[in-house]
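Residues in the sequence shown are numbered from 4 upward in steps of one, following the working numbering.
Hints were generated in silico from the structure; no laboratory data involved.
On a predicted model such as this, the values are computed, not experimentally measured, just so you know.
A few of these clues could be false.
DEER-style ranges, computed between Cβ atoms [said to hold, decoys possible]:
no.	residue 1	residue 2	range
1	Ala22	Glu51	13 to 23 Å
2	Lys77	His42	35 to 45 Å
3	Gly74	Leu20	16 to 26 Å
4	Asp80	Pro18	12 to 22 Å
5	Val46	Leu6	28 to 38 Å
6	Ser79	Gly16	26 to 36 Å
7	Gly74	Ala22	17 to 27 Å
All residues carry an ideal CB built from backbone N, CA and C; glycine is no exception.
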Amino acid sequence: MHLAESFVPLALGMPLLSARRSQLLENLPAYVKNFGITHLGIVPSLIEATLNAAEEGVAGADIALRYIASGGEKMSDVVSARYMYSRA
């Protein structure tokens, strides 16, 4: 995690939530929903799993998520084509 990823949200008055990776990966869509997360930074391989679960209503339906920052690995063409410019 880069320092700017921590300090910029705090400087803008946004709450910052963080947890152990193992805990988050247990059920990321549920955490996104339960905490009302609107902005999320994750690797591309988790984007599809998280958003598919939300679309299917699996512990993540009606999520508030509006923005995903992603990096750290190559994004698949499927994820890019499906979610890159989607609007809710």
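Can you list which hints this structure breaks, lowest number first?
Numbers 2, 4 and 5, in rising order.
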